[in-house]
Structures are given as C-alpha cells and as structure tokens.
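Student: We have chain A already, so just place chain B on it with the hints.
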Amino acid sequence: MSRGLRLIPIILLLWLVAGFAWRIVRPPDPAVPSQLISRPLPQFALPAALPSKPGLKAADLATGEPRLLNVFASWCVPCADEAEVLSELHRRGVKIDAIAIRDTPMAISAFLARHGDPYDRIGADERSSVQISLGSSGVPETFVVDGRGVMRHQYLGPLTKANIPAVLQQLDEAR
Amino acid sequence: MKRPFFIALAIISQPLLADSNLPAAYWANRQLPNAAQEAKARALMEELRCLVCQGQSIADSDAELAGDMRDLVRRRIAAGERPSAIRAWLIQRYGTWVSYKPTTEAAAWPLWLAPLALILVGIWMIRSRIRLKARR
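Chains as they are written, first to last, in the working numbering: chain A, 1 to 175; chain B, 1 to 136.
Source of the hints: derived by calculation from the structure; they are not laboratory data. Careful: at least some of the hints might be erroneous.
Residues of chain B clear of chain A, computed beta-carbon distances all greater than 12 Å [to be verified]:
hint : residue
1    : Arg3
2    : Gly55
3    : Arg75
4    : Gly80
5    : Ser84
6    : Tyr100
7    : Leu111
8    : Pro115
9    : Ile123
DEER-style ranges, computed between Cβ atoms [claimed, not checked]:
hint : chain 1 : residue 1 : chain 2 : residue 2 : range
10   : B       : Gln54     : A       : Gly19     : 17 to 23 Å
11   : B       : Leu120    : A       : Ile10     : 19 to 25 Å
12   : B       : Ala106    : A       : Thr160    : 36 to 42 Å
13   : B       : Glu105    : A       : Arg6      : 14 to 20 Å
14   : A       : Ile10     : B       : Ala39     : 30 to 36 Å
15   : A       : Ala48     : B       : Gln54     : 30 to 36 Å
16   : B       : Gln31     : A       : Asp172    : 49 to 55 Å
17   : B       : Gln31     : A       : Arg6      : 53 to 59 Å
18   : A       : Pro165    : B       : Tyr26     : 41 to 47 Å
19   : B       : Glu81     : A       : Arg6      : 54 to 60 Å
20   : A       : Ala48     : B       : Tyr26     : 42 to 48 Å
Keep in mind it's a predicted model, so treat the numbers as computed, not measured. Positions of the beta carbon are idealized from the N, C-alpha and C atoms, including for glycine.
Excised from the complex, chain A in its bound form (with noise of 0.2 Å):
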C-alpha cells in the first residue's frame, strides 16, 4: 500500500473527531417546529376545559381577526411564568384561545385563579390528539392564528416580555 492510503483512516478519524467537537461546541437544536405553518388548521372540535367557558373547535379560529392560540397544562411549570405575558397581551388587547393538555377542570380553575385568566375560549384535550394534530411538540406553545385560521407563527416555550413586540407586530402582519 502506498503512504498516501495509509493516511486514509487517520483522516477518517481526524475528520469525525472534528465532527463530534462540532456538535459539543454547537449542539443540534432540540426543537421540533410545527410543519403546519402558513397552512390552515387542521379540523377539530374540543370539548369545554371548563363549565364557565366554550370549548374549542378549528372554526372559532377564522373569525376573520387574529388570535393566539395557547397550548398550556396547569402542571406544566413554565406555563405558570408565561401567564403574565399572556395577561399583559390580554390587557393590550390580544384575543387568545387556549387547549389544555391532559389536565382537569379543577386543576385548571386552582391555575386560572392564581395566575390569571386571559383566556375567550378553553378546549380539554385529555389525549394530546388536537395537539399531535397540531404538530405541537409540547406545553407551552404558542401559536399566531390569522382571520381566516391559517397558522402564521409558532412560538415553542414559554413567551416572554421580550415577545411582546414581536407578536404584536405578527399579529398586525396577520390582519
């Protein structure tokens, strides 16, 4: 064998040595985005989370104006620190629509009342099946919904203060 091939699987080893350093230094984002963006909603048709509020269905999202729509749990813990953003958009005037993942009326009234409530409509979705359907990938997701229900935008985590802006300004862009 000439010099030149030995080097060969010194390279392959030096080569997938800078590969595994690569991902240490700059690892893989873990987020799964929605493909569903910029698409409709997919149809569905949630029960009442609550006595006190409608359920949720895919056409209460096409009212012709845009709307947030919330993927929360009450025992999901960074939804409890979302909950304040979400009642300072309340308060600025963003519709928001929510569906609560395997949770309990009980749970979710004992969550409301402590953290507020910025909510119009609530859908329990006890099996995940709406969120699944969503192309939702956990709790909280937050999703810009324009007037006609095509998903414009996917927020994965909680929001923070520092989305205001944005989602406002993504809302206005959805009008």
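Tutor: Chain B alone, transformed into the frame defined by chain A:
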C-alpha cells in the same frame, strides 16, 4: 445545613411536576385485542420518534406525549387505517424527523450508498492483497 435538603427537594420535585394530572390514555399501554392489528401498531410505534425524549421510539418512551401517540396509532390502526398513512400524517405535522425509517430523499442518499461504497472498497482491498501475494 439546609442546602442538601433543598437540593434533594429539587431533585424529587422535578419529575413530580413534569407529569399531568390524568392517567395514561386508554390505548397507551394496552394491546389491541386483534393480534394482527397489534403487530402492525407495534411495528409502526417502533419506527416513530418520541418528541419529548428524542432518541427513543414512542414504543420505548415513558413520556406522556409518547403514550398519547401510541394511543393515537392504536386507535387509527383499529379503525382500519394503514400504517403508512399514519406515518405520512405525522410527517406532515412534524417533518421526516418524526420517523426513524430512512426516506429516499436526496439528503438520505449517503446513508443508502455508504454500505455499497464500503463493500466496493473492501473488495478492492482484498483483490490488491491477493495480487501482492501472488506476485511474491
């Protein structure tokens, strides 16, 4: 003195708060009564990736969302839907990422071609060895 206590508290409190208030979905941990359907569902579940504990299939994962995905797969199989249609439905939502089965798209070609290339390299190496020996 108090610090170890709070650390211990933090360790046990996390898993408690990461789970919901509801029991697992009906078909999450229950086999379908029809054995042929269950086998189909099982094969599909082993090729679908859990969205929460990435790197596990939904058949292996204990995450609640994985349980709900197993429930969804079994319900649809029981309703007569084909596994390939269920896979396509999930790919439409989460991208090819959700399926472990390699696709034929251009990005996956190296995966299909690598074994062939390695076999060819092996054959070539053996041939040159044999020729070397023959010459001696």
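Student: Next, verify each hint and record whether it holds.
Tutor: Structure-based check of each hint:
| no. | hint | result |
| --- | --- | --- |
| 1 | Arg3 | 22 Å, holds |
| 2 | Gly55 | 10 Å, violated |
| 3 | Arg75 | 9 Å, violated |
| 4 | Gly80 | 18 Å, holds |
| 5 | Ser84 | 18 Å, holds |
| 6 | Tyr100 | 14 Å, holds |
| 7 | Leu111 | 15 Å, holds |
| 8 | Pro115 | 16 Å, holds |
| 9 | Ile123 | 15 Å, holds |
| 10 | B:Gln54 x A:Gly19: 17 to 23 Å | 19 Å, holds |
| 11 | B:Leu120 x A:Ile10: 19 to 25 Å | 21 Å, holds |
| 12 | B:Ala106 x A:Thr160: 36 to 42 Å | 38 Å, holds |
| 13 | B:Glu105 x A:Arg6: 14 to 20 Å | 36 Å, violated |
| 14 | A:Ile10 x B:Ala39: 30 to 36 Å | 47 Å, violated |
| 15 | A:Ala48 x B:Gln54: 30 to 36 Å | 33 Å, holds |
| 16 | B:Gln31 x A:Asp172: 49 to 55 Å | 51 Å, holds |
| 17 | B:Gln31 x A:Arg6: 53 to 59 Å | 55 Å, holds |
| 18 | A:Pro165 x B:Tyr26: 41 to 47 Å | 44 Å, holds |
| 19 | B:Glu81 x A:Arg6: 54 to 60 Å | 55 Å, holds |
| 20 | A:Ala48 x B:Tyr26: 42 to 48 Å | 21 Å, violated |
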